[in-house]
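Chemist: Okay, here's what each chain looks like letter by letter:
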Amino acid sequence: MSAAETRSEEITPPQDLVDTRLVLWYFVAACVFLLISMLGGILMALQLVHWNPLAGLELFSPGRWRMIHTNAVAYGFLANAFLGALHWAVPRLTMHRVASQALSYFIFLAWQAIVLLTAAGVVLGPSFQDQAWVAEASRNLGISMSLGAQGLEWGETPFWIDPVALLGLLLVAVNFMVPIAKAKGPLYVTLWYFMAAFVWTFLTYAMGNLLPEYTVAGTSAGAIGGLFIHDLVGLFVTPLGWGLMYYFVPIMLQRPIWSHGLSLVGFWGLAFFYPLQGIHHFLYTPIPMFLQHGAIISTIAVELVVTTVVINFFGTLWGQGRAFVDNLPIRWFYTGMIYYFLTCLQCSMQVTLTFQKLIHFTDWVVGHAHLVMFGVFSMWLFGVMTYLIPRLLNRPWYSHKLCEWHFWLSAAGVLVMASDLILAGVFQGYFWAALQPWDVSVVASQPFWITRVFAGLAMFGGFLCFLYNFWMTWSARSHV
Amino acid sequence: MPAVDQSPANRSLRSARLRTRVTLALAIAILIPSMYGFAGKFYEFLHLVRGESDGAFAVAPILNYLLASGGFLLLLLWATANGMFHDIERPKHTLLDREQQLDAAQRRK
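So the protein sequences, as listed, match chains A and B.
According to the working numbering, the first sequence holds residues 0 to 479 in order.
According to the working numbering, the second sequence holds residues 8 to 116 in order.
No lab work stands behind these hints: they were computed from the structure.
No false leads were mixed into what you were given.
Sample of chain A residues at the chain B side, in silico, Cβ under 8 Å:
| # | residue |
| --- | --- |
| 1 | Pro13 |
| 2 | Gly184 |
| 3 | Pro185 |
| 4 | Leu186 |
| 5 | Tyr187 |
| 6 | Leu202 |
| 7 | Pro249 |
| 8 | Pro255 |
| 9 | Trp257 |
| 10 | Ser258 |
| 11 | Leu261 |
| 12 | Leu263 |
| 13 | Gly268 |
| 14 | Phe271 |
| 15 | Ala300 |
| 16 | Leu303 |
No experiment lies behind these values; they were computed from the predicted model shown.
The C-beta atom is built at its ideal place from N, Cα and C for all residues, glycine as well.
Chain B on its own, in the form it takes in the complex:
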């Protein structure tokens, strides 16, 4: 049986793969049922607006939600288009680098 490469680089690669898989699995597990539930309820709402007096009643809270969520959908699209999620793990390292520099600068003062 070939020996498993235990070098730090390989461990780091495996850890990154695990993170990616867990992130994708949780994203799918959350987003699909949630979107399904939401879409179903929204479909019901459209029927209500057209057919029943209750529909008009519900317009205010739904509009509130759509205005807020619509804004965030646009923000999500903008962020994706501007490469905010291109190297998705980088910001967490940048944070620690900056903190170390700031603390070092503080000590030098």
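With the rest of the complex left out, here is chain A:
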């Protein structure tokens, strides 16, 4: 179908294509969960500098808060914000509505219930575990009845929620795949990424939450766990994030992506090289070395793929560099891309066995994780929200200055936090390699952890600016 043919097509009015109210609801839910997650992060940071404001409260012990922090950001913030953006982008890309509006609202409510029940399981589960009825039910049903978190990073969702979450992911896939299947002509790269994400997220979630719980055990379960942790980033968050960038950047710059062919090289490279690299989280473990080497090779291959993607986006910006300064969403997007390139470069180094000897189990990894999840994907989603919220509410932002504060506090805060923790990781690694007592490395980490508190507070302050701005923009609308 040519562009001229497209023009002659009957255009469905955008208000009939996109349910703007639902997009807005998803963004509100995402913000609520990010607020909770960031509070959890600050509590954790305070605990590490011996100033835990909730000391002595079992329900809010740091181990539980930490899981709230990570799960709220992954399933509460990122998933909700992505779903909101998908409800905007997929109908406009395909010119077809989602499969069912009623299903969309059901998924919205079900997903919030899943995230809240996960939080309830993580916080309350261990306290109820010793009840007699739990042991009895476990005996009668012949299954483990661990009410609290499952023992897998990012897979802590209690086992009784897993089937519901999987059903939710299946419904999400059906709801969005129907319009994509109806789209005519060669698909734009964004839709390839989205399709892959729907399949991968379901498979990754099933692999990580079901296999170690019910089938494989021991080190083999560790290998699966490694795949799960990394595939959740690379096969759920990454394809949705890049898919949205390929959609929003060209329409904001009013020019097509530099090379669509190159973007497809990036997509298929991700498809074939990403799924195997998760085991790089478990180098120097009893997992067979050939699997560890395979993970290292596929990780480095993915870094090459990432380079093509970054070249393509900067090729698109070429000649319009001023947009990086003047256009706030573009600034969010491209700052996130610079951080993405840095984090991938860091990744290709840290997966080598030489590097792992030094940084394994240190705060280097924590710094890397924050750079990826906040510096890249959260910043992209902030950019998407900064662009879409005025369109959804049909009003300009209440304060452009607050938007700028949000950007600068977030971008600078995460850069300081990541650099600080990465450096802390190097120090910790050398302390351990020198066989210093554990306490020595903990004491030496204090300046880094104090710096982390302030960096986190800056990021939190930026987000509060955004929330206040969002609220004021929304309130102004209701008075019209």
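Given the structure of chain A, go ahead and fit chain B onto it with the hints provided.
Modeler: Using the frame of chain A, we list chain B on its own:
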């Protein structure tokens, strides 16, 4: 020396050629070493499965990978057979055309 044709059509043609060459160069630079590394590791795996106890241990993650990648290989073949990559740059223009139409329709509302 003949004058270089600076017409917009010629510039666009040269730009398209540059894009094609960069795409092909990067595709080759990425795919060949990556496939070489992957094939080597897979060959090692086959030897392990046959000869050592470690082989059985590694079946679960490898099968996971093959199931996912096999599906995507089939998708790639299907997409190629159905002309999804025939006019590879067209979708990026269609995207902008549609967005312009949608925005125009929104303004008319």
